[in-house]
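Peer 1: Quick note on this note's numbering: the sequence shown kicks off at 1 and runs consecutively.
Rather than coming from a laboratory, the hints here were simulated on the basis of the structure.
Treat the hints with care, since some could be wrong.
What the hints assert, rightly or not - Under the rule of at most 25 Å between Cα atoms (straight-line distance), these lysine-lysine pairs were calculated in the BS3-like manner:
#: 1; residue 1: K168; residue 2: K64
#: 2; residue 1: K168; residue 2: K2
#: 3; residue 1: K113; residue 2: K102
#: 4; residue 1: K47; residue 2: K168
#: 5; residue 1: K168; residue 2: K113
#: 6; residue 1: K64; residue 2: K113
#: 7; residue 1: K2; residue 2: K47
#: 8; residue 1: K64; residue 2: K2
#: 9; residue 1: K30; residue 2: K102
Remember, predicted model here, so these are calculated numbers, not experimental data.
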Amino acid sequence: MKNENVMCVPIEALMATFDMSQQYWTADEKSINVLPYEYINRSVAEKNFTHKQIIPYAVAQNGKGEVLCYQRHGSEKRLADFYSVGIGGHVNEHDTGETLSKRLINGLRREFKEEVGIEMGARQFNLAGMINEEQTEVGHCHTGVVFRVLVDNADFTFDAEIGNPQWKRIADLDLSKFELWSALALTLLNKDLSDIEN
1 MKNENVMCVP IEALMATFDM SQQYWTADEK SINVLPYEYI NRSVAEKNFT
51 HKQIIPYAVA QNGKGEVLCY QRHGSEKRLA DFYSVGIGGH VNEHDTGETL
101 SKRLINGLRR EFKEEVGIEM GARQFNLAGM INEEQTEVGH CHTGVVFRVL
151 VDNADFTFDA EIGNPQWKRI ADLDLSKFEL WSALALTLLN KDLSDIEN
């Protein structure tokens, strides 16, 4: 775990703004930007259940409509060996911006550079909504902000955290093998999927 300060939002503020009993919902920049946020040391934030760490979570799609899916081999052991469609991570104090949403996008731009080796423009990220679950250890202290990003997969170079990367049609995915956040993000982006396993 990195020793860094990460963006967090008080749970009370999240509950006052959104229906947190849902696992996914649409949202726009206006609703995101009203949230108060602060930076808490990550080791403290993992045990601080008065706040949620806000994680920008992007689903990459190529021109054929396929999504990037991969097997996790990173430092987050709670998600190891599950399949994922998400690229993203914690937002730290170096991910600057005039608004919360701009800081989320700048965090995602950094993550894309680190994980798949490409520079992304801020306008390539389209905010779709949010995901939240209390079923997993990860979910207890994190809430996701989901973005869709259209990319050219020919430019991708993957780091060691991304194992067995593949471009797949959503209809061909066995979502029971995916981490819950990925299943929820795909449900948010594709309302016609009904076979999500919670």
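Peer 1: Now tell me if each hint is right for this structure.
Peer 2: Now the hints, each set against the structure:
1. A C-alpha spacing of about 10 Å is found between K168 and K64, which places the hinted pair at or below 25 Å, so the restraint holds.
2. At roughly 31 Å between alpha-carbon atoms, K168 and K2 are farther apart than 25 Å, so this suggested pair is violated.
3. For a cut-off of 25 Å, the pair hint linking K113 to K102 stands: about 17 Å separates their Cα positions.
4. Only pairs whose Cα atoms come within 25 Å are accepted, and K47 paired with K168 is rejected, the gap being roughly 36 Å.
5. Restraint check: the Cα-Cα separation between K168 and K113 comes to about 22 Å, which is no more than 25 Å; the hinted pair holds.
6. Under the criterion of a C-alpha separation no larger than 25 Å, the hint pairing K64 with K113 is consistent with the structure, at around 22 Å.
7. At most 25 Å may separate the alpha-carbon atoms for a hinted pair to count; K2 and K47 meet this at roughly 15 Å.
8. Of the pairs offered as hints, the one joining K64 and K2 is violated, with about 36 Å between alpha carbons and a cut-off of 25 Å exceeded.
9. A C-alpha spacing of about 12 Å is found between K30 and K102, which places the hinted pair at or below 25 Å, so the restraint holds.
Taken one by one, the earlier hints fail for this structure at numbers 2, 4, 8, listed in ascending order.
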